[in-house]
Amino acid sequence: MSAVRKTYKLFINGAYPRGESGRVSELVRDGVSYWVCNASRKDARDAVAAAQGASGSWASQRQMLRGQILYRAGEMLACRSDIEGGTEGAKRFVWWAGWADKLSSVLSHSNPVSGFSNTTNFESAGVVTALLDAENEEAFTVELCDAIGAALCAGNTIVAVVPVKYAAQALCIAETLSVSDIPAGCVNILTSDQKECAVTVVSHGDVSVIDARAHATWGLSQLDVLEQSEAHMPRVNFNAWERDNHTRASFGFDAKTTWQPLYQ
Amino acid sequence: MGHVNTAAVQRRSREIWSRSLKSDTQQELLRRAVGVVDLTTLEGADTVGRVHRLCARAVRPDLDVQSVAAVCVYADMASAARAALDAMDIEKRVRIACVAGEFPSGRNTPQEKARAAKWAKEQGADEIDMVIDRGAMLSGNYKKVSEEVRAVCEASGGGEHVKVILECAELSSLSVIQHASEIAIEAGAGWIKTSTGKLPGGATPENILVMLNVVAQHHRATGKIVGVKAAGGVRTAKDAIRYLALVNETLGEAWIDPDRFRIGASTLLDDLCLQLRHHQTRKYPSSRDLPLA
Amino acid sequence: MSEKISIQENGDEDRVVVEPAMKYDVAREDITFHTPRTEWYAFINGESVSAIDGTWFESTNPATGESLGRVARCGAQDVDIAVRSAQVGQQRWVAMDPSERSEVMYRISRIMQERAREFAVLETLDNGKSIRETRDIDVPLAAEWFFSHAGWCDKLEWTGVRNPQPHGVVGAVVPWNFPLLMAAWKIAPALAGGNSVVLKPAETTPLTALLLAEVCRDAGLPNGVLNVIPGYGDTGEALMRHPGVSKLAFTGSTAVGKKLRSIAGDRPITLELGGKGSNIVFADCDIDAAVEGVVWGIYMNQGHVCCAGSRLIVQESIHDDFVQRLESRMARIRVGDPMDKNTDMGAINSTRQADMIRGHIARAVEQGAYVIEGVAPQSSCYIAPTMLVGVHPGMDVWQDEVFGPVLSVSSFRTAEEAVEIANRTRYGLANGVWSSDGALALWVASKLRSGVVWLNTYNMFDSSSPFGGVRESGYGREGGVTGMRAYVKGGAR
Numbered sequence: 001m002s003a004v005r006k007t008y009k010l011f012i013n014g015a016y017p018r019g020e021s022g023r024v025s026e027l028v029r030d031g032v033s034y035w036v037c038n039a040s041r042k043d044a045r046d047a048v049a050a051a052q053g054a055s056g057s058w059a060s061q062r063q064m065l066r067g068q069i070l071y072r073a074g075e076m077l078a079c080r081s082d083i084e085g086g087t088e089g090a091k092r093f094v095w096w097a098g099w100a101d102k103l104s105s106v107l108s109h110s111n112p113v114s115g116f117s118n119t120t121n122f123e124s125a126g127v128v129t130a131l132l133d134a135e136n137e138e139a140f141t142v143e144l145c146d147a148i149g150a151a152l153c154a155g156n157t158i159v160a161v162v163p164v165k166y167a168a169q170a171l172c173i174a175e176t177l178s179v180s181d182i183p184a185g186c187v188n189i190l191t192s193d194q195k196e197c198a199v200t201v202v203s204h205g206d207v208s209v210i211d212a213r214a215h216a217t218w219g220l221s222q223l224d225v226l227e228q229s230e231a232h233m234p235r236v237n238f239n240a241w242e243r244d245n246h247t248r249a250s251f252g253f254d255a256k257t258t259w260q261p262l263y264q
Numbered sequence: 001m002g003h004v005n006t007a008a009v010q011r012r013s014r015e016i017w018s019r020s021l022k023s024d025t026q027q028e029l030l031r032r033a034v035g036v037v038d039l040t041t042l043e044g045a046d047t048v049g050r051v052h053r054l055c056a057r058a059v060r061p062d063l064d065v066q067s068v069a070a071v072c073v074y075a076d077m078a079s080a081a082r083a084a085l086d087a088m089d090i091e092k093r094v095r096i097a098c099v100a101g102e103f104p105s106g107r108n109t110p111q112e113k114a115r116a117a118k119w120a121k122e123q124g125a126d127e128i129d130m131v132i133d134r135g136a137m138l139s140g141n142y143k144k145v146s147e148e149v150r151a152v153c154e155a156s157g158g159g160e161h162v163k164v165i166l167e168c169a170e171l172s173s174l175s176v177i178q179h180a181s182e183i184a185i186e187a188g189a190g191w192i193k194t195s196t197g198k199l200p201g202g203a204t205p206e207n208i209l210v211m212l213n214v215v216a217q218h219h220r221a222t223g224k225i226v227g228v229k230a231a232g233g234v235r236t237a238k239d240a241i242r243y244l245a246l247v248n249e250t251l252g253e254a255w256i257d258p259d260r261f262r263i264g265a266s267t268l269l270d271d272l273c274l275q276l277r278h279h280q281t282r283k284y285p286s287s288r289d290l291p292l293a
Numbered sequence: 001m002s003e004k005i006s007i008q009e010n011g012d013e014d015r016v017v018v019e020p021a022m023k024y025d026v027a028r029e030d031i032t033f034h035t036p037r038t039e040w041y042a043f044i045n046g047e048s049v050s051a052i053d054g055t056w057f058e059s060t061n062p063a064t065g066e067s068l069g070r071v072a073r074c075g076a077q078d079v080d081i082a083v084r085s086a087q088v089g090q091q092r093w094v095a096m097d098p099s100e101r102s103e104v105m106y107r108i109s110r111i112m113q114e115r116a117r118e119f120a121v122l123e124t125l126d127n128g129k130s131i132r133e134t135r136d137i138d139v140p141l142a143a144e145w146f147f148s149h150a151g152w153c154d155k156l157e158w159t160g161v162r163n164p165q166p167h168g169v170v171g172a173v174v175p176w177n178f179p180l181l182m183a184a185w186k187i188a189p190a191l192a193g194g195n196s197v198v199l200k201p202a203e204t205t206p207l208t209a210l211l212l213a214e215v216c217r218d219a220g221l222p223n224g225v226l227n228v229i230p231g232y233g234d235t236g237e238a239l240m241r242h243p244g245v246s247k248l249a250f251t252g253s254t255a256v257g258k259k260l261r262s263i264a265g266d267r268p269i270t271l272e273l274g275g276k277g278s279n280i281v282f283a284d285c286d287i288d289a290a291v292e293g294v295v296w297g298i299y300m301n302q303g304h305v306c307c308a309g310s311r312l313i314v315q316e317s318i319h320d321d322f323v324q325r326l327e328s329r330m331a332r333i334r335v336g337d338p339m340d341k342n343t344d345m346g347a348i349n350s351t352r353q354a355d356m357i358r359g360h361i362a363r364a365v366e367q368g369a370y371v372i373e374g375v376a377p378q379s380s381c382y383i384a385p386t387m388l389v390g391v392h393p394g395m396d397v398w399q400d401e402v403f404g405p406v407l408s409v410s411s412f413r414t415a416e417e418a419v420e421i422a423n424r425t426r427y428g429l430a431n432g433v434w435s436s437d438g439a440l441a442l443w444v445a446s447k448l449r450s451g452v453v454w455l456n457t458y459n460m461f462d463s464s465s466p467f468g469g470v471r472e473s474g475y476g477r478e479g480g481v482t483g484m485r486a487y488v489k490g491g492a493r
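Chains as they are written, first to last, in our numbering: chain F, 1 to 264; chain G, 1 to 293; chain E, 1 to 493.
One or more of the hints may lead you astray.
[What the hints assert, rightly or not] Okay, derived cross-link-like pairs now, DSS-like style, lysine-lysine, Cα gap no bigger than 30 Å in a straight line:
no.: 1; chain 1: F; residue 1: Lys-6; chain 2: F; residue 2: Lys-256
no.: 2; chain 1: F; residue 1: Lys-6; chain 2: F; residue 2: Lys-195
no.: 3; chain 1: G; residue 1: Lys-118; chain 2: G; residue 2: Lys-143
no.: 4; chain 1: G; residue 1: Lys-144; chain 2: G; residue 2: Lys-121
no.: 5; chain 1: E; residue 1: Lys-23; chain 2: G; residue 2: Lys-22
no.: 6; chain 1: G; residue 1: Lys-92; chain 2: G; residue 2: Lys-143
no.: 7; chain 1: G; residue 1: Lys-224; chain 2: E; residue 2: Lys-23
no.: 8; chain 1: F; residue 1: Lys-165; chain 2: F; residue 2: Lys-256
no.: 9; chain 1: G; residue 1: Lys-92; chain 2: G; residue 2: Lys-118
no.: 10; chain 1: G; residue 1: Lys-238; chain 2: G; residue 2: Lys-92
no.: 11; chain 1: F; residue 1: Lys-165; chain 2: F; residue 2: Lys-195
no.: 12; chain 1: F; residue 1: Lys-42; chain 2: F; residue 2: Lys-256
no.: 13; chain 1: E; residue 1: Lys-447; chain 2: G; residue 2: Lys-283
no.: 14; chain 1: G; residue 1: Lys-22; chain 2: E; residue 2: Lys-341
no.: 15; chain 1: E; residue 1: Lys-489; chain 2: E; residue 2: Lys-258
no.: 16; chain 1: G; residue 1: Lys-144; chain 2: G; residue 2: Lys-118
no.: 17; chain 1: G; residue 1: Lys-238; chain 2: G; residue 2: Lys-22
no.: 18; chain 1: E; residue 1: Lys-23; chain 2: G; residue 2: Lys-238
no.: 19; chain 1: G; residue 1: Lys-144; chain 2: G; residue 2: Lys-92
no.: 20; chain 1: E; residue 1: Lys-341; chain 2: G; residue 2: Lys-238
no.: 21; chain 1: E; residue 1: Lys-258; chain 2: G; residue 2: Lys-283
no.: 22; chain 1: F; residue 1: Lys-256; chain 2: F; residue 2: Lys-9
no.: 23; chain 1: F; residue 1: Lys-256; chain 2: E; residue 2: Lys-447
no.: 24; chain 1: G; residue 1: Lys-143; chain 2: G; residue 2: Lys-224
[Stated by the list, open to error] If we take Cβ atoms under 7 Å as the criterion, some of the chain F residues that face chain E in the derived model are:
no.: 25; residue: Gln-61
no.: 26; residue: Gly-98
no.: 27; residue: Val-113
no.: 28; residue: Ser-117
It should be emphasised that the hints constitute simulated quantities derived from the structure, not laboratory data.
Note that this is a predicted model, so its numbers are computed, not measured.
We treat Cβ as the ideally placed atom computed from N, Cα and C, and that holds for glycine.
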C-alpha cells in the first residue's frame with residue numbers, strides 16, 4: 001500500500017484542475033477515504049469550452065490517424081490492471097479505432113440525380129455531452145470507454161459527466177488518455193453529483209449531441225433534458241446502445257448533401 | 001495565371017522540404033544563408049544604440065563568418081545605421097533596407113506611401129520595403145495596389161531596390177498571393193516579399209513556392225529578374241537552408257544570391273552561426289557564446 | 001490554333017534553357033538497418049524452409065548488381081504443401097473470435113511501423129526504387145493497409161454482404177513494382193475476411209514479403225495462415241492451378257492476367273493489370289500544378305506503376321508552353337543512387353525491363369516522335385526521365401504499356417475530343433484531369449472509362465479508397481469497403 005495517496009481531480013482540456021467551487025465529496029475505496037471533486041456549473045462551462053475549442057482540429061484530423069490514436073488509448077488502458085473492467089474498456093477503444101476510417105465510407109452515398117454529381121457525406125456534429133452511470137465499477141468502465149471511443153471515432157469531442165462514486169476509475173481512465181496522443185480538450189471528464197452540473201452541459205449552446213440515458217442519476221427527467229436543451233436543439237438519446245453496432249458513433253454525424261452540375 | 005492548386009503546391013514544397021542536406025552541402029548552404037539575411041529590428045523601442053549593435057553583428061555575425069546582405073530598420077533609424085556601417089563595414093557590403101509607408105498596416109494613399117519612401121531614401125536607405133493595401137487586394141481594388149507600387153517605385157528612383165510586402169497571412173489564399181505578386185511585378189517592383197513579420201504566419205514553403213513560380217514565369221517571358229524575400233517566422237537554420245533548396249530546385253543555383261533572394265530575420269542569424277560553429281567544432285555550442293545582436 | 005504545334009519542327013532554337021541547380025552531397029540512408037543474409041527461406045506453415053528439391057535463385061540489388069542472398073525456389077511440391085497448410089491454417093484462423101483476429105492484425109501493423117526503416121531499406125535494396133519513396137510511401141501505406149483492415153475483422157457485415165463468410169485459401173501473386181505494398185493489398189483484406197493466404201512474390205523482389213511473414217509470425221498469426229513461396233512464373237501458375245485455392249488475386253501484366261482468368265475457372269478472381277493512364281490538361285488549370293502532377297504521375301517509381309499517367313493529352317492552346325515547362329521541370333529530377341535520400345528516381349528494376357523501355361523509345365523515334373530527356377548517371381541501370389513529343393494515337397508507344405519513365409504527348413481541342421482520345425485504349429485503370437472548372441472536371445470524370453479518376457492530383461492512394469481498373473486493366477477493387485467485399489462471400493440467411 002503506497003504511502004503517497006492519490007488525489008482525484010477533474011479532467012478538463014488535457015489538464016487536471018480542482019473543482020472551481022472547491023466542493024468535494026468523500027469516496028471510500030478499500031477502506032481508504034478520498035476526497036474527490038464535485039464539479040459545479042462553472043467547471044461544466046469550462047469543459048464545454050475546452051471541447052468546443054478542440055472540436056475543429058479533431059474533426060479535420062485524418063480519419064486513419066484518429067483510428068491510430070484510439071488504438072493507442074486501448075494499448076494504454078490494457079496495461080492498467082488497477083482499473084476494474086480495463087480489459088473490456090480497452091476492447092471498446094479498439095472497436096471504435098477500427099471504425100474511424102470506415103464509418104463515413106459505410107454511410108456515405110452518391111445519389112443518382114441526372115445531370116449532377118450529388119453526394120451525401122457525414123460530418124462530425126461537434127461536442128457530445130454524455131451523462132454516464134452503471135450498475136458496478138466494471139460496467140462503468142466499459143460504458144465510459146464506449147462513450148469516449150464513439151465520440152472520438154466520429155470526429156467529435158466529448159464532455160462526460162459521471163457520478164462521484166466512480167471518480168477514481170474515471171480519472172484513472174483519463175490518465176491513460178493523457179498518454180495516448182489525444183489532443184487536449186477532446187475528452188473532458190467531470191465527476192459530479194450536482195444537478196446544476198448536468199443541467200449546464202445539457203443546456204449549453206455549444207453542445208450538439210446529448211447522450212442521456214442516465215439522466216435520472218442527476219435528478220433530471222427526460223422532459224427536463226429536452227426542455228433545458230430546447231434553445232439550440234441538439235440531438236438527444238435516452239436509450240441503451242448496441243455494443244456491436246456503429247450507432248453510438250454515427251449518432252454524432254450530420255449528413256451533408258452537395259450538388260455539383262456536370263458540364264453538359 | 002489564375003487559380004492556384006494548393007494541394008499541388010503543398011506536395012512539391014514538402015518534397016523539397018524533405019531533402020537531406022548534410023555535411024559540405026549543409027555548410028555551404030548555411031554560409032549562403034547568412035549572405036542573404038536582412039538582419040532586422042523593427043521595434044517601437046529601437047534606439048540608436050540598439051541599431052549600432054545590430055549593424056555590428058550584421059557586418060561580422062561571428063568569427064570567420066562573412067557579412068549579411070542588409071540591415072532592415074525603420075526609416076528614422078536609417079541615418080544611425082548609415083553612421084554605424086560607414087564606421088564598421090570596410091567592404092561596404094551591407095545595405096540598408098527601410099520599411100516605409102504605413103508599415104505594417106498598409107492603410108494609406110499611394111501619395112503618402114511615396115512621400116514616406118522618398119524621405120527614407122533621403123535618410124540613407126538603399127532599399128525600400130513597402131506594404132500593399134491588403135484591404136484593396138481583397139476587395140478587388142487592384143488598381144489601387146498597382147498605383148501604390150508604381151508611386152513608391154518612382155519616388156525611390158526606380159523599382160530595382162523596392163521590395164513589395166504582400167502580407168501573405170492576410171491574403172491567405174495562394175491564388176490571391178499569386179495575383180498580388182503579378183500586380184506588384186507588373187507595376188515595377190524589383191522584389192516581392194512575404195510578410196511584415198508583425199503578424200503570426202509569415203513565410204511558408206507554400207507561399208514562397210508560389211512567389212518563386214511567378215518570378216520564374218516572368219523571367220521566362222521577359223528575361224527580367226525579380227527577387228523574392230522570405231520574411232516572418234524563419235527562425236531556424238534548418239528552415240533557412242530548406243528555403244534555399246526551394247530556390248535551388250525552382251530557379252537554379254544562380255538565384256541563391258543576395259541580388260535575387262533574401263531572408264528577413266532576427267534570431268535566425270544566431271542559429272545559423274551556432275550551426276556553423278557546430279560544423280567547425282563538432283560540438284553543440286551555447287547561444288550565450290554569441291554576441292547579442 | 002497554335003502556330004507552332006511541334007517543337008521538333010523548330011529544332012534546337014526552341015530548346016529550353018534550364019539554369020543549373022546546386023548539387024547536394026550524397027546523403028545515404030544507413031543500410032545497416034538491414035542485416036545481410038546469405039539465405040532467404042520460404043515461409044510455410046509458420047516455418048522457414050528450403051525448397052523440397054533444394055533449388056535456389058539469387059536476388060540482386062539492381063543499382064549495384066550485388067547479391068542480397070539466395071532465395072528458396074519453390075516448386076510444385078512446395079506449392080502443394082503450402083496450400084494444404086493454408087487450408088488447415090484457415091480453420092485455426094476462422095475458429096478465433098473476430099476481435100482476436102483483429103488484435104493480431106493490429107500487432108502486425110504496429111510492428112511494421114516500429115521496423116519501418118528496416119523495411120524501407122530492404123525494399124530499396126531489392127527493388128531499386130528511391131529510399132525516399134519506400135520510406136515515405138511504400139512502407140507507411142503498407143502498415144496502414146494492415147491497420148485499416150484489422151478493423152474490418154469484426155465488422156464484415158457492413159461490407160454489404162449478407163452473412164459474410166470467408167472464401168478459404170487465397171492464392172496471391174504480386175509484382176515487382178511495389179513488392180511490400182502489393183503484398184499488403186492482398187494479405188490484409190484476405191486475413192480480415194477470415195481467409196488464409198499463399199503468396200508468391202515476384203522473382204526479382206521476394207525479400208520484403210519474407211520479412212513481412214516473419215513479422216506476422218512474431219505478431220502471433222497462427223501457423224499456416226500466411227505462407228510465402230518465392231519462385232518464378234511456374235510457381236505462381238502452379239499455385240493458381242491448385243484446386244485447394246478458393247480465391248485468386250493477381251497484380252501484374254495483362255498477358256499473365258488473361259491466362260489466370262482462364263485458370264481460375266469458376267473461382268472468384270481479382271485482377272489488377274496494366275494501364276496506359278492519361279493526364280488530360282485543360283488550358284484553364286493551374287499550369288504549374290499540372291506540370292507537377294504530370295511529372296509525379298509518370299516519373300514516380302521510375303514509371304513502374306500500373307496507373308502511371310504515361311499519356312499526356314494537353315489542350316492545344318497551351319501545348320508548347322506546357323511542354324517547355326515540363327522540360328524545365330524534368331531537368332530538376334534527380335536520378336541516381338536509390339539509397340541517397342535526395343534521389344527522386346532510382347534504378348530500373350532489371351536489365352530486362354531497361355532493355356524493353358529503351359526498345360519502346362527507339363521504336364517511337366522510328367515512328368516519328370521527338371525525344372526530350374532529363375539527366376541520369378551513365379550506368380545502364382538508370383534511364384533518364386523521357387518525354388516523347390508529337391506522338392499520335394497510331395504509334396505503338398501510345399497504345400502499349402512501357403512501364404518506365406516515358407511520357408508520350410499529344411493534344412486535344414475540346415473536352416469531348418479529350419475524352420474520346422483518352423478512352424481509345426484497351427486499358428482502363430486510371431486517368432487524371434486538370435482543370436479549374438469543377439463542373440467540367442466532374443463531367444470528364446463521369447465520361448472516362450477507368451476505375452480511378454484523379455481530379456487536379458495524381459497517384460494518390462489510401463487504404464479507404466478502392467483502386468482497380470476496367471477492360472484489360474482487370475476487374476475488382478482493392479481498398480475501402482468495395483475492396484473488402486471481394487474477400488468474403490455471402491452466406492445463407
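Cross-check of the supplied hints:
Of the supplied pair hints, the one linking Lys-6(F) and Lys-256(F) is violated, its CA atoms being roughly 47 Å apart against a limit of 30 Å. Of the supplied pair hints, the one linking Lys-6(F) and Lys-195(F) holds, its CA atoms being roughly 27 Å apart against a limit of 30 Å. This hinted pair checks out: Lys-118(G) and Lys-143(G) have alpha carbons roughly 22 Å apart, not beyond 30 Å. Distance restraint check for Lys-144(G) and Lys-121(G): the Cα-Cα separation of roughly 23 Å lies within the 30 Å cut-off, and the hinted pair is therefore satisfied.
The straight-line distance between the Cα atoms of Lys-23(E) and Lys-22(G) is roughly 12 Å, inside the 30 Å bound, and the hint therefore holds. Distance hint between Lys-92(G) and Lys-143(G) is unfulfilled; the C-alpha atoms sit about 38 Å from each other, more than 30 Å. Restraint check: the Cα-Cα separation between Lys-224(G) and Lys-23(E) comes to about 25 Å, which is no more than 30 Å; the hinted pair holds. Note on Lys-165(F) and Lys-256(F): the hinted pairing is violated, with a Cα-Cα distance of about 41 Å set against a maximum of 30 Å.
The hinted pair formed by Lys-92(G) and Lys-118(G) meets the criterion: a straight-line CA distance of about 23 Å does not exceed 30 Å. A threshold of 30 Å between alpha carbons decides the hint, and for Lys-238(G) with Lys-92(G) the separation of about 28 Å falls inside it, so the pair holds. As the CA atoms of Lys-165(F) and Lys-195(F) are separated by approximately 15 Å, the hinted pair is consistent with the 30 Å bound. The hinted pair formed by Lys-42(F) and Lys-256(F) fails the criterion: a straight-line CA distance of about 34 Å is larger than 30 Å.
For the hint pairing Lys-447(E) with Lys-283(G), the CA-to-CA distance comes to about 62 Å; that exceeds 30 Å, so the pair is violated. As the CA atoms of Lys-22(G) and Lys-341(E) are separated by approximately 11 Å, the hinted pair is consistent with the 30 Å bound. Proposed proximity of Lys-489(E) and Lys-258(E) is supported: the alpha carbons are some 23 Å apart, at most 30 Å. A threshold of 30 Å between alpha carbons decides the hint, and for Lys-144(G) with Lys-118(G) the separation of about 19 Å falls inside it, so the pair holds.
Restraint check: the Cα-Cα separation between Lys-238(G) and Lys-22(G) comes to about 11 Å, which is no more than 30 Å; the hinted pair holds. With a CA separation close to 18 Å, the supplied pair Lys-23(E) and Lys-238(G) stays within the 30 Å bound. As the CA atoms of Lys-144(G) and Lys-92(G) are separated by approximately 37 Å, the hinted pair breaks the 30 Å bound. The suggested pairing of Lys-341(E) with Lys-238(G) holds, with an alpha-carbon distance near 16 Å, which does not exceed 30 Å.
Taking the CA atoms of Lys-258(E) and Lys-283(G), the gap is about 62 Å. The hint is violated against a cut of 30 Å. Restraint check for Lys-256(F) and Lys-9(F): the C-alpha separation of about 39 Å exceeds 30 Å, so the hint is violated. Among the hinted pairs, Lys-256(F) with Lys-447(E) is consistent with the structure: their alpha-carbon atoms are about 25 Å apart, no more than 30 Å. Restraint check: the Cα-Cα separation between Lys-143(G) and Lys-224(G) comes to about 23 Å, which is no more than 30 Å; the hinted pair holds.
Residue-level restraint check for Gln-61(F) is violated (minimum Cβ-Cβ distance to chain E is 14 Å; threshold 7 Å). Look at Gly-98(F): its Cβ gets to within about 2 Å of chain E, closer than 7 Å, so that hint holds up. The criterion of a C-beta within 7 Å of any C-beta in chain E is not met by Val-113(F), whose closest approach is roughly 12 Å, and the hint is violated. Hint status for Ser-117(F) relative to chain E: holds, with the closest Cβ pair at about 5 Å, below 7 Å.
Hint compliance for this structure: hints 1, 6, 8, 12, 13, 19, 21, 22, 25 and 27 are not met, and every other hint is.
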